[in-house]
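Counting along the sequence shown from 1, when you hit position 5 you're at 144 in the numbering used here, and nothing is skipped either side.
Any given hint might turn out to be false.
Listed below are the simulated DSBU-like cross-link pairs for lysine-lysine, each with C-alpha atoms no more than 30 angstroms apart in a straight line [what the hints assert, rightly or not]:
#1 K188 <-> K249
#2 K328 <-> K408
#3 K232 <-> K217
#4 K249 <-> K276
#5 K232 <-> K276
#6 K179 <-> K273
#7 K338 <-> K328
#8 K379 <-> K360
#9 K379 <-> K217
#10 K405 <-> K197
#11 K191 <-> K273
#12 K360 <-> K405
#13 K217 <-> K276
Here are the computed distance ranges between Cβ atoms for each label pair [unchecked claim]:
#14 T226 <-> K187: 29 to 35 angstroms
#15 E471 <-> D298: 23 to 29 angstroms
#16 A245 <-> R478: 31 to 37 angstroms
#17 D242 <-> L496: 29 to 35 angstroms
Derived from the structure by calculation, the hints contain no laboratory data.
For each residue, glycine too, the CB sits at the ideal point set by N, CA and C.
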Amino acid sequence: MLKAVRPVILNAFCSCVAITLLLTPSASIYGQSNDSVFMKAGVGGASKKTGKITETSKNGVTLQGRNGTEEIPTQNIKKITFAGEPTSLDRAKSRLESGRYDDCLAELAKITDPPSELIAAEMAFMNAYSQAQKSLKGGDVTPQQAGTAIRAFVQNNPDSHHFYPATDILGKLLVGIGKPDLAQREFAKLAQSEWPSMKIQGLFQQGNSLILTGDLENAKKAFSQIVNMDANDDESQQFKLVAQCQIAKIMALQGDSDGGRVIVEKIIKDENPDNALVFAYAYNALGTCHLQSQQPKPAAIAFLHTELLYGTEAAPHAEALYNLCKLWPQLEETDRANRARQALKSRYRNTYWALQL
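Produce the entire structure from the sequences given, and follow the hints as far as they go.
As structure tokens, this is what we get:
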């Protein structure tokens, strides 16, 4: 009896599966019927939460799941995949995360009809962000082109959870075209965030842009806010050190080179030199202290540390190259000046420092 029944049951099961697949093409073609929010490491709780995203804002997303509604802060979100998401979009996210911006754009170009508004907004952000990164890294996209794309995204999607990274990179593009005064207004929006990590990023970039405009007092206030913030995680501690480096730089620019040098030399002595971000800014600040004291050789040596040891940190590396372009001729090192100039123009051609040549 069992041998006779099994084929009937198997055939019925296969028919049900076939009908289900025909009736739910989005699930079969795109792979998932729920939205999924992947959490950053160290947040705690589940690494992935599923349900339906019912609302988005610059501060986070609202997820309706089996256990009710949950507000997930932007700062905790690593990635979101959406119901009905094309596989090309998932591949594009992987390319973006690994810095393969051309490949990301190529995957996005394969999607001609986004199945939802949320997916269309996600694509718009990834497209604009990839263009902006290409521009900042000296690619074939001008800051003006990238800025137009990222500004359009922000204007069309003011409630996106990508608001802060989009605003941050828009500010950096404005610095790149020599408009730090406009950039600091964008960074000020980040500084108003309720989350310490985002606030620190905003204050840091705002302070840097204020230095470029010559507003040293307000720049110092921005960096001092970072130093005095009640945040003790590793990232916050790192930026507190970098903020001290920038305060030392400002002190030198205001005439107190000796005081600034004391601060930055202590950081160089006490901290781990493997911390590339801190040491790139520390040696640049030290170089500025020597420059303001009319000591070109020690200044060149300080900036050379950043060039040779901390080239992974793009912003301070570009600044160091610019200063070496100016210092090497004073030390009768014409060939080295030319090499620094060429490196700056090739690697960072769309930056504020290249614009100053």
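Here is what the structure says about each hint:
1. For the given pair, K188 sits about 28 angstroms from K249 by alpha-carbon distance, which is consistent with the 30 angstroms threshold.
2. A distance of roughly 35 angstroms separates the Cα atoms of K328 and K408; the hinted pair therefore is violated under the 30 angstroms criterion.
3. Of the supplied pair hints, the one linking K232 and K217 holds, its CA atoms being roughly 11 angstroms apart against a limit of 30 angstroms.
4. About 25 angstroms separates the Cα atoms of K249 and K276, which keeps this hinted pair within 30 angstroms; it holds.
5. A C-alpha spacing of about 19 angstroms is found between K232 and K276, which places the hinted pair at or below 30 angstroms, so the restraint holds.
6. A distance of roughly 25 angstroms separates the Cα atoms of K179 and K273; the hinted pair therefore holds under the 30 angstroms criterion.
7. About 9 angstroms separates the Cα atoms of K338 and K328, which keeps this hinted pair within 30 angstroms; it holds.
8. Proximity of K379 to K360 is assessed by CA-CA distance (about 13 angstroms); at most 30 angstroms being required, the pair is judged to hold.
9. At roughly 24 angstroms between alpha-carbon atoms, K379 and K217 fall within 30 angstroms of each other, so this suggested pair holds.
10. Only pairs whose Cα atoms come within 30 angstroms are accepted, and K405 paired with K197 is rejected, the gap being roughly 39 angstroms.
11. Between K191 and K273 the CA atoms are separated by roughly 33 angstroms; this puts the pair beyond 30 angstroms, and the hint is violated.
12. For a cut-off of 30 angstroms, the pair hint linking K360 to K405 stands: about 21 angstroms separates their Cα positions.
13. Restraint check for K217 and K276: the C-alpha separation of about 23 angstroms stays at or below 30 angstroms, so the hint holds.
14. Here the CB-CB span from T226 to K187 is close to 18 angstroms, at odds with the stated 29 to 35 angstroms.
15. At about 58 angstroms, the beta-carbon gap between E471 and D298 misses the expected band of 23 to 29 angstroms.
16. About 34 angstroms separates the C-beta atoms of A245 and R478, a value consistent with the hinted range of 31 to 37 angstroms.
17. Between D242 and L496, the C-beta spacing of about 31 angstroms keeps the proposed range 29 to 35 angstroms intact.
Hints 2, 10, 11, 14, 15 from the earlier list are contradicted by this structure; the remaining hints agree with it.
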